[in-house]
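Enquirer: As a plain string of letters, each chain reads:
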Amino acid sequence: MSDPATVTQLLNAAQTGDTSAVDKLFPLIYDELRQRAHAQRAGFGGHATMNTTAIVHEAYYKLAQGERGGGAAGEHGEQGGGAAGIKWHSRAHFYAVAAKAMRHVFLDYAKRKNRKKRGEGAHHVSIDESGSFELAAIIGDEEADDIMALDAALIQLSTSNERAARIVECRFFGGMTVEDTAFALGLSPATVKRDWVLARVLLYQSITAQN
Amino acid sequence: MAAKELSVLLEEVLEKPEETRVAFIHSVCEDDIILRNELTGLVASYKEASGYFDLLAERLGMPGTDQKTTTSSFMSNDPSALVGQMVAQYRILQYLGGGGMGMVYKAEDTRLGRQAALKFLPLSMGHDLEARERFLREARAASMLDHPNICTVFEIGEDGGRSFIAMAYYEGKTIEQLVSRGPLDIEQSVQWVLEICRGLASAHAKGIVHRDIKPANIIIPEDGVTKILDFGLAKSANSGGMTREGMVLGTAAYMSPEQAAGRQVDHRSDIWSTGAVLYEMLAGSRPFPGEYPQAILYGITNLDPEPLSALRPGLPMQLVQVIEKALAKDASTRFSTMEEMIVSLSAVQQRATAKSAARHLVADPSREQSAQTTTPLPIEAEDNVLHVLCVDDEPELELLMQQRFRKQIRAGEWKFVFALDGQEALLKLEQHPEIGVILTDLNMPRMDGLTLLGKLAELDRPTRTVVVSAYGDMEKIRTAMNRGAFDFVTKPVDFKDLETTTLKAANDLAEYRRALRGQQQAVSIQQEMDVARRIQDAIIPVSFPSRPNIEMYGFSAPAALLMAMGQTFVKSFMQQGVTPSKCLSQLNTMLFAEGLPHVGLRMLAAILDPETGEIILANAGHEAPYILTSARDSGRPRFRGRSRTARRPHYYGVKKGLIALGSVD
Numbered sequence: 613m614s615d616p617a618t619v620t621q622l623l624n625a626a627q628t629g630d631t632s633a634v635d636k637l638f639p640l641i642y643d644e645l646r647q648r649a650h651a652q653r654a655g656f657g658g659h660a661t662m663n664t665t666a667i668v669h670e671a672y673y674k675l676a677q678g679e680r681g682g683g684a685a686g687e688h689g690e691q692g693g694g695a696a697g698i699k700w701h702s703r704a705h706f707y708a709v710a711a712k713a714m715r716h717v718f719l720d721y722a723k724r725k726n727r728k729k730r731g732e733g734a735h736h737v738s739i740d741e742s743g744s745f746e747l748a749a750i751i752g753d754e755e756a757d758d759i760m761a762l763d764a765a766l767i768q769l770s771t772s773n774e775r776a777a778r779i780v781e782c783r784f785f786g787g788m789t790v791e792d793t794a795f796a797l798g799l800s801p802a803t804v805k806r807d808w809v810l811a812r813v814l815l816y817q818s819i820t821a822q823n
Numbered sequence: 151m152a153a154k155e156l157s158v159l160l161e162e163v164l165e166k167p168e169e170t171r172v173a174f175i176h177s178v179c180e181d182d183i184i185l186r187n188e189l190t191g192l193v194a195s196y197k198e199a200s201g202y203f204d205l206l207a208e209r210l211g212m213p214g215t216d217q218k219t220t221t222s223s224f225m226s227n228d229p230s231a232l233v234g235q236m237v238a239q240y241r242i243l244q245y246l247g248g249g250g251m252g253m254v255y256k257a258e259d260t261r262l263g264r265q266a267a268l269k270f271l272p273l274s275m276g277h278d279l280e281a282r283e284r285f286l287r288e289a290r291a292a293s294m295l296d297h298p299n300i301c302t303v304f305e306i307g308e309d310g311g312r313s314f315i316a317m318a319y320y321e322g323k324t325i326e327q328l329v330s331r332g333p334l335d336i337e338q339s340v341q342w343v344l345e346i347c348r349g350l351a352s353a354h355a356k357g358i359v360h361r362d363i364k365p366a367n368i369i370i371p372e373d374g375v376t377k378i379l380d381f382g383l384a385k386s387a388n389s390g391g392m393t394r395e396g397m398v399l400g401t402a403a404y405m406s407p408e409q410a411a412g413r414q415v416d417h418r419s420d421i422w423s424t425g426a427v428l429y430e431m432l433a434g435s436r437p438f439p440g441e442y443p444q445a446i447l448y449g450i451t452n453l454d455p456e457p458l459s460a461l462r463p464g465l466p467m468q469l470v471q472v473i474e475k476a477l478a479k480d481a482s483t484r485f486s487t488m489e490e491m492i493v494s495l496s497a498v499q500q501r502a503t504a505k506s507a508a509r510h511l512v513a514d515p516s517r518e519q520s521a522q523t524t525t526p527l528p529i530e531a532e533d534n535v536l537h538v539l540c541v542d543d544e545p546e547l548e549l550l551m552q553q554r555f556r557k558q559i560r561a562g563e564w565k566f567v568f569a570l571d572g573q574e575a576l577l578k579l580e581q582h583p584e585i586g587v588i589l590t591d592l593n594m595p596r597m598d599g600l601t602l603l604g605k606l607a608e609l610d611r612p613t614r615t616v617v618v619s620a621y622g623d624m625e626k627i628r629t630a631m632n633r634g635a636f637d638f639v640t641k642p643v644d645f646k647d648l649e650t651t652t653l654k655a656a657n658d659l660a661e662y663r664r665a666l667r668g669q670q671q672a673v674s675i676q677q678e679m680d681v682a683r684r685i686q687d688a689i690i691p692v693s694f695p696s697r698p699n700i701e702m703y704g705f706s707a708p709a710a711l712l713m714a715m716g717q718t719f720v721k722s723f724m725q726q727g728v729t730p731s732k733c734l735s736q737l738n739t740m741l742f743a744e745g746l747p748h749v750g751l752r753m754l755a756a757i758l759d760p761e762t763g764e765i766i767l768a769n770a771g772h773e774a775p776y777i778l779t780s781a782r783d784s785g786r787p788r789f790r791g792r793s794r795t796a797r798r799p800h801y802y803g804v805k806k807g808l809i810a811l812g813s814v815d
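Sequences listed follow chains Z and H, in order.
To convert, take the position in the first sequence, counting from 1, and add 612; that gives our numbering.
To convert, take the position in the second sequence, counting from 1, and add 150; that gives our numbering.
Quick caveat, the hints were computed from the structure, so don't treat them as lab data.
Don't take each hint at face value.
[Stated by the list, open to error] Chain Z is nowhere near these chain H residues, computed Cβ spacing over 12 Å in every case:
#1 Gly263
#2 Glu305
#3 Glu337
#4 Ala351
[Said to hold, decoys possible] Straight-line alpha carbon distances no greater than 30 Å define the calculated BS3-like cross-link-like pairs of lysine-lysine that follow:
#5 H:Lys197 / H:Lys166
#6 Z:Lys712 / H:Lys197
#7 H:Lys641 / H:Lys605
#8 Z:Lys723 / H:Lys197
#9 H:Lys197 / H:Lys356
#10 H:Lys646 / H:Lys605
Where is the CB? At the ideal position from N, CA and C, for every residue including glycine.
Take the sequences, apply the hints, and build the full model.
Expert: Shown next as structure tokens:
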């Protein structure tokens, strides 16, 4: 469990330009997302797919809501609770960070899957990581390879076009809409749309070139 | 930043039709061969790249694939963010609600100055060109539906990358809102659902299936004309599998079994959903409740809904049957078309409106009167069929009668009409002027048999009523006989006895009708019926104070007829200068010469001058309403009546100007 009391503080700090706040925020969100992803997976009983957007939304509400129960219960007359109380930009920020975190959640699964494939996985799995492990078991070998390839392509893209890479993170891993992405990254929706089209083609070319 | 320009160029190229792209690239890049090659390569890979990401995202369960999953914006947590903004020519006024298919806002068209509802389609749909095109095609098809029960689509637009549909804005409540307060009125529900059916039927005729009929998609505007919302949107939304977890719970509850199973759906899926909506309107709860979509879908596929008749006692059986048929698991056993469902629902509605109209008819005598003056009832059925109206609050009687008298029915000799109480009976009589014999129970809700008998007498219509009631009801049966019932049969019914009695009543009526037909003046009499009734109404209660020890007659149809005859004849004789005494005498002679077997002119109303013993004004009827006073024989106006009993007439009256009554029978 993350310490919810710090989430809003960190978000607000991140908002004022404190980059170390982002660094601290990341593991909190990552942890929350991983747990949620696992919970949702388990709930499906291995059924079809999971809903990344829902996971991110829920994580946000959990973390922001926890804030409220955690003490400084605000005036109810205000916007009606923790989640709504968080500033709009902070919220956008959260989603952008969550998208990055989600990317790492997937990457971790893929890596673990790959290790397992190579027969060196099992003893690395600690109790703490069992959730991820089970999720990894559901990701197929092919998907694991795809995720790793995509990650490599994304790293490559970020060197030539950092903005497009960030957009892919938000859109693909964060499940964010064009508007949300635009808002979180301070861009126009039109730019996000264009870059999203371009980035996918560039990434695809890069991935096919890898093979 | 070449990439930025590249992204702009790429977008421009992709917006062009495929066959003109090469030319466009050449024109844009001029002689920049590197750019041209790069752009050509990007365009060439675009489709594959999109496909790759779609597939990957699908495999990973991510919403990155635009057309596959409805991406929900984190902004959707604060839908009011759009309020006050301009989208194309629309100013967003108010957030109305949202569902799986996007958010709906109330907006003002600043160009046309009218209100509109703006529905924003999922952002994700805007990017995949194919999905977008498919969506637009279907939205356009929906916008061509022109039906009073389908929400009007103004336009399909786009602004800032967001596609939207501008629709007519209706001030009103959705059925979802209405039913959240509890079950709805039966007649009202049937009416609304009929309107829904009509709207859907017109769409089905154009090959469009709604696929997302649910209470939230049906709005009842303040003017009361039902509108179906979200036409054609559902089709594109649900083109994939149905069991995706992002699916809205509310929608699952109205999905047909085939839809739930992800199979091909056709218009019969809408029939199912409409049935589910009607069920909820009447029951106040969904036919297949459940907290999780999986549980709901399981119920839809495998379980029978809780019987409506248990949840809403008193529902007409026919209505329950309509809903059951609509909710058949197997599409082939449902109504095969919306039109079929409309026919069945209309039948239910006619029954219901008949009841309420009867209620109205009874409650509003002025309407009753006008109805009767404008549509004189035929005295007799034209065929040789015995038309019987059965009035009983036990619906089973209908089947029983049809079973017991199946021979007569099959031979076309008897025809039955059924009513569940007195009010319905009155309406059936109005609808079926051919009905002659009425079999009625006495104890019924709303309007009992005794009241019905009273009303029948007022109808001025030749009928014979047989009371069918429990033996223990003897007291009531006696009253019924006093009110003009022809005969009675006790319950439990001996059907042989019932048959005999019915035939007896029918024969009696036929005899009476023959007698009436014998009268040359039958037609004019008929026209005078209403006048006569009014005279009777006016004279009897006003002029004659009621006397407790005297039985009241004179409300029957024969009385009215003869009153009319009498009045007409007396008037005409008197216009020829014949004295009242003389004309009464002539009238009696004329009437009884024909030998009316069952009725006769037995009452006279006249103004008697006791000084001279002369009748100044005379009127005639049948069955002395009651005796006013037994006055001295102060005069002896002479007239003779050749009646069967040849009783001497009595005259009553005190002084000039008062109405005297006499019996000549």
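Enquirer: Take a quick look at Glu305 of chain H and tell me if its Cβ sits farther than 12 Å from every Cβ on chain Z, holds or violated.
Expert: holds, 21 Å
Enquirer: Keeping to a limit of 30 Å between CA atoms, is the pair of Lys712 of chain Z and Lys197 of chain H held or broken?
Expert: Roughly 26 Å separates the two Cα atoms, so the pair holds.
Enquirer: CA of Lys197 of chain H to CA of Lys356 of chain H, is that 30 Å or under?
Expert: Since the Cα atoms of Lys197 of chain H and Lys356 of chain H sit roughly 33 Å apart, the hinted pair is violated (cutoff 30 Å).
Enquirer: Beyond 12 Å from chain Z, beta-carbon-wise, is Gly263 of chain H?
Expert: holds, 28 Å
Enquirer: When you check the alpha-carbon spacing of Lys641 of chain H and Lys605 of chain H, does it fall within 30 Å?
Expert: Since the Cα atoms of Lys641 of chain H and Lys605 of chain H sit roughly 24 Å apart, the hinted pair holds (cutoff 30 Å).
Enquirer: For the pair supplied as a hint, Lys646 of chain H and Lys605 of chain H, is the alpha-carbon distance within the 30 Å limit?
Expert: Holds, at roughly 29 Å.
Enquirer: Given the hinted pair Lys723 of chain Z and Lys197 of chain H, is their alpha-carbon gap at most 30 Å?
Expert: holds, 29 Å
Enquirer: Test the statement that Ala351 of chain H is away from the interface with chain Z: the closest C-beta pair must be farther apart than 12 Å.
Expert: Since the minimum Cβ distance to chain Z is about 36 Å, Ala351 of chain H lies beyond 12 Å and the statement holds.
Enquirer: Run the C-beta distances from Glu337 of chain H to all of chain Z and say if the shortest one exceeds 12 Å.
Expert: holds, 42 Å
Enquirer: When you check the alpha-carbon spacing of Lys197 of chain H and Lys166 of chain H, does it fall within 30 Å?
Expert: holds, 14 Å
The structure is inconsistent with hint 9 alone, although it conforms to all the rest.
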